[in-house]
Amino acid sequence: MAAVLTAAAQPATAAPLGDGGWKGEGGLTLDASDNSKVDAYVDRAREAERSISTDVRTAALASGAELVGFDHRLKSPDSLKRKVATSLKEQPQQDIEAVLARLSDAVRCTLQWPDDTYTHGVTTASTLLSAWGNDSTKWSNTWGRTAGYKGLNTGWRASGSGQLFEVQFHTPASKHAQELTHRLYEEQRLPATSPARKKELQAQQDSVFAAVSVPAGADGLTAPTRPTAPMPVSAVR
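The numbering of the sequence shown is my numbering, which starts it at 708 and goes up by one.
Honestly, the hints are just simulated from the structure, not real lab data. Hints should not be assumed to be uniformly reliable.
Said to hold, decoys possible - As a list, the in silico DSS-like pairs of lysine-lysine whose alpha-carbon atoms are at most 25 Å apart:
#, residue 1, residue 2
1, Lys796, Lys882
2, Lys782, Lys730
3, Lys882, Lys905
4, Lys782, Lys796
5, Lys882, Lys845
Unchecked claim - With beta-carbon atoms standing in for the labels, derived distance ranges:
#, residue 1, residue 2, range
6, Asp746, Thr844, 22 to 30 Å
7, Lys905, Thr849, 12 to 20 Å
8, Asp746, Asp913, 36 to 44 Å
9, Asp785, Gly927, 35 to 43 Å
10, Ser920, Ala739, 43 to 51 Å
11, Asp822, Thr853, 13 to 21 Å
12, Glu886, Gly840, 30 to 38 Å
13, Thr736, Gly776, 24 to 32 Å
14, Arg751, Glu773, 26 to 34 Å
Values in this document were obtained by computation on a predicted structure and should not be read as measured data. Every residue gets a Cβ at the ideal spot worked out from N, C-alpha and C, and that includes glycine.
Please put together the full structure from these sequences, using the hints given.
Here it is in C-alpha cells:
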C-alpha cells in the first residue's frame, strides 16, 4: 500500500489564463468561451444539487446506508474543466455543449453498507431513487470482475431539473480501495500519460482491489425498474 501511495503524484494546480480561459495539468486548456460555458454549467449543477441531495439522503436513511464524503458531493470546477478539456483534446470535433450534456458526475454521492447488508441496501436505495422519478442512465456493476475496480457506479437523471448525477454503492473495503487508487486512476487517464505508464498504473490498482471481498449477491445486482405508481414520499421521508 505504501508503494501505491508513494507512486500517486499530486496533480498540478490549475490556473486561469489572462484571456479568461483556463489551463490545467498535462497541457490541458479551455478558451475563454468554453471556460465560461463550464462555469455556467457548474452554477446549474449547484442549483440542482439541492433536490438531488434530498432524495439521496432519504434513500440512505431508508436503506440503512452510511453517506460517505457528502461534503464533497459537488465536483470541483477545476476537476470538471479538466474532464471537459480532456474530452475536447481527444476528440476536437466535438461541440462543448454536447460534452457538457454527457457529464454525469458534477453531483456525486456515495452510499456504503457492511458486506452482510450491502445487496439488500443497494436494492432498497436504488428502488427508492427510481420510484421518486429519477431515471437510471448508467448501471456499471464491476463486482464480478476478476481484476481491477470493484464496486457499483450508477448514473441518474434527476426528476425536475434533468441534471445528471452519480451514486456509487460501496462496502467499507471497496471504498477504501477506491480512495487508495484515486490518484493512480487520475494519472492513468491523462492524455500525456504514456501507454507503458498506464499499464503500470493499472497493475498497481489491480493489486489493491484484489484484496476486496465480494458481498453475497453483489455481482447480480441490476438496475431498478420504475414502478407503475410512484412510491409516496411520506412513506419514507
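Hints versus structure:
1. As the CA atoms of Lys796 and Lys882 are separated by approximately 31 Å, the hinted pair breaks the 25 Å bound.
2. Distance hint between Lys782 and Lys730 is fulfilled; the C-alpha atoms sit about 18 Å from each other, no more than 25 Å.
3. Taking the CA atoms of Lys882 and Lys905, the gap is about 22 Å. The hint holds against a cut of 25 Å.
4. Note on Lys782 and Lys796: the hinted pairing holds, with a Cα-Cα distance of about 21 Å set against a maximum of 25 Å.
5. With a C-alpha separation of about 19 Å, the suggested pair Lys882 and Lys845 falls inside the 25 Å cut-off, and the hint holds.
6. Judged by the Cβ atoms, the range 22 to 30 Å given for Asp746 and Thr844 holds: they are separated by roughly 24 Å.
7. At about 18 Å, the CB distance of Lys905 to Thr849 agrees with the hint of 12 to 20 Å.
8. Distance hint check: the CB atoms of Asp746 and Asp913 are about 37 Å apart, consistent with the given range 36 to 44 Å.
9. For Asp785 and Gly927, the Cβ-Cβ distance of about 38 Å falls inside the hinted range of 35 to 43 Å, so the restraint holds.
10. In this structure the supplied range 43 to 51 Å holds for Ser920 paired with Ala739, their Cβ-Cβ distance being about 49 Å.
11. Look at Asp822 against Thr853: about 19 Å separates their beta carbons, and that is inside 13 to 21 Å.
12. Distance hint for Glu886 and Gly840: a CB-CB separation of about 32 Å, consistent with the stated range 30 to 38 Å.
13. Thr736 and Gly776 have their C-beta atoms about 29 Å apart, which keeps the hinted 24 to 32 Å range intact.
14. At about 29 Å, the CB distance of Arg751 to Glu773 agrees with the hint of 26 to 34 Å.
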